[in-house]
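Peer 1: One letter stands for each residue in the lines below.
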Amino acid sequence: MNQPTGTRSTVTLDPRQAEPAPDPLTLPRLLPGDADPGLEAHFARLGPMPGGSPWVIDEVDAAGLRGRGGGGFPTAAKMRAVAGARQCVVVANGTEGEPTSSKDKALLAGSPHLVLDGISIAAETVGASEAILCVDRAASAAIRAVEAAVAERRQVFADRVPVRIETTPSRYVAGEESALVHFLNGGDARPVFVPPRPFERGVRRRPTLVNNVETFAHLALIARFGADWFRSLGTDADPGTALVTVSGAVARPGVYEVPMGIALGEVLRVAGGHGNAQAVLAGGYAGRWIPGAAVAALPLDPTSLKRVGATFGCGAVAVLGAESCGLAETARVAWWMSGESAGQCGPCVHGLPAIAGALDALVAGDRGRKAERQVRRWLEMVEGRGACHHPDGVAGFVRSALDVFAAEIEHHRRHGPCRPSAGVLPTGRSAGGWR
Amino acid sequence: MAVTRRRLVVDPIACDGHGICAELLPEVIRRDDWGYPIIDPEPVAFGLEGLAKRAVAACPKLALALRDAPVTHGRGGSSSPRPPARPAARTATAGRAGKARRLS
Ligand SMILES: Cc1cc2nc3c(=O)[nH]c(=O)nc-3n(C[C@H](O)[C@H](O)[C@H](O)COP(=O)(O)O)c2cc1C
Ligand code: SF4
Ligand code: SF4
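The listed protein sequences correspond, in order, to chains A and B. First residue of the first sequence? That's 1 in my numbering, and the numbers climb one at a time after it. First residue of the second sequence? That's 1 in my numbering, and the numbers climb one at a time after it.
Because the hints were derived from the structure by calculation, they are not lab data. We put the CB at the ideal spot given by N, CA and C, even for glycine. Please note that a few of the clues may not be correct.
[Unchecked claim] Distance windows between CB atoms, simulated: (1) A:R376 x B:R67: 21 to 31 angstroms; (2) A:R367 x B:R31: 17 to 27 angstroms; (3) A:R205 x B:H18: 43 to 53 angstroms.
Construct the complete structure from the given sequences, taking the supplied hints into account.
Peer 2: So this is what it looks like as structure tokens:
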């Protein structure tokens, strides 16, 4: 595989299809690579930014665009819910607290103007009076890129609704939309009990559209090239392309843009996997483990993953090599996730550490089957019982580990811990403040 | 109909888990391993509505409420204003692979 110098590389998935020129109608759509990221070059490459109009919502609807922040909700329905409301607000969620995902940071750093186009078009379309782009305080390269881009746009009055940048606390749940809105209203970046939901009453009590930054980037392209163009890649159920972050036991970890529905095995091959993945964690720490034997032909898209009990989430794919212990990795991540609780809801505050502790017992081989029954009971006990979906994400993740690593659990029960955890899954920063 | 459409819901942030509600209404509310209330998701039975109202009034944290709508829990914390409109399920074929880009 080609591995050009520098930090960026283009990888051709199909060697017969070497593309000569950057054509907006083929991949990559979102990341221009080494092209000039400036505003003039951006408009020269993609054409001028179209204005907002009701047509945009219909086109986004026809394109079948779904949110890329993890929930996968149809974007047009969310836009319609706030459209026309007096002085509504548009918020772009670029906080990306998930440690196995870096696609939003890569997108903001590499294509700031595409994201800003999308925010601008959406704001004009729904008649917003305010537009805010939220970026994790620690994401310095992304912040630098969007600040420069916003300054450039102000000079030429590119946006009817100028975009304001807000930097957010580096906490996992700070990216949950009610937490984000609460933070923008001057509070902690911790979730609040809903309803009212942000689209009903959000920033400054106004109807607020919250979308992931990648969602806005797709919107900017749909507004230019239309729904049919968007659907020319991907599947019927999940049209378009997606940014996926591949990490773990691969030679070339990084952010890739792929058509929805591409075989997961193909993605791993391109990223330099050795074809001997023990398991793959799809969707980050609110996602699911998938056994290595199942990955080769599994199409990478929300519909196909759901069919096998997995989730697409934010498109993160973490590969567990043969030498690592999936059980120990899961226990370590469960502890980290329990530390990332906003500490507000009893079942989350007490349940997540209990679950992580019981996983430790499974790793140590103590209490064997009893510990597993205990974890499963607690998983059920925390699900759906927080103000936000944080406990649900942990529960799904841990349950998938119990299923996929059943043989390891048995091995640990008989022989004790197998090997020290290699620590492949990143657990990011230590817990910081909420403001 | 002998059944109202209202359900009990708890605000888990406000709730302190002392369990007064579960004592008043054990038919609908049990407690988890840490003392926090687990509420039957079904609409409150007609005969229990009075007790449910009493539990709501008795909660020292104002964490309990009777609500008309079901407690919805979509994935990912999306601000789902409506249930997703499922696109017609035609054969899911991967599009032309083209190129994949890698950053960093
Ligand atoms: C615990 C938790 C953390 C979340 N973190 C993020 C995040 O970092 N970035 C993001 O875009 N969405 C995140 N979400 C989802 C948001 O609540 C929201 O659904 C999303 O930003 C909507 O955008 P979309 O419709 O474009 O996907 C999180 C949800 C939960 C429950
Ligand atoms: S469920 Fe957990 S993370 Fe979510 S608001 Fe409650 S305590 Fe915070
Ligand atoms: S009475 Fe109120 S605060 Fe006490 S456990 Fe019940 S809901 Fe929670």
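Peer 1: For each hint, tell me whether it holds in the structure or not.
Peer 2: Consistency of the hints with the structure:
no., hint, result
1, A:R376 x B:R67: 21 to 31 angstroms, "holds (30 angstroms)"
2, A:R367 x B:R31: 17 to 27 angstroms, "holds (24 angstroms)"
3, A:R205 x B:H18: 43 to 53 angstroms, "violated (32 angstroms)"
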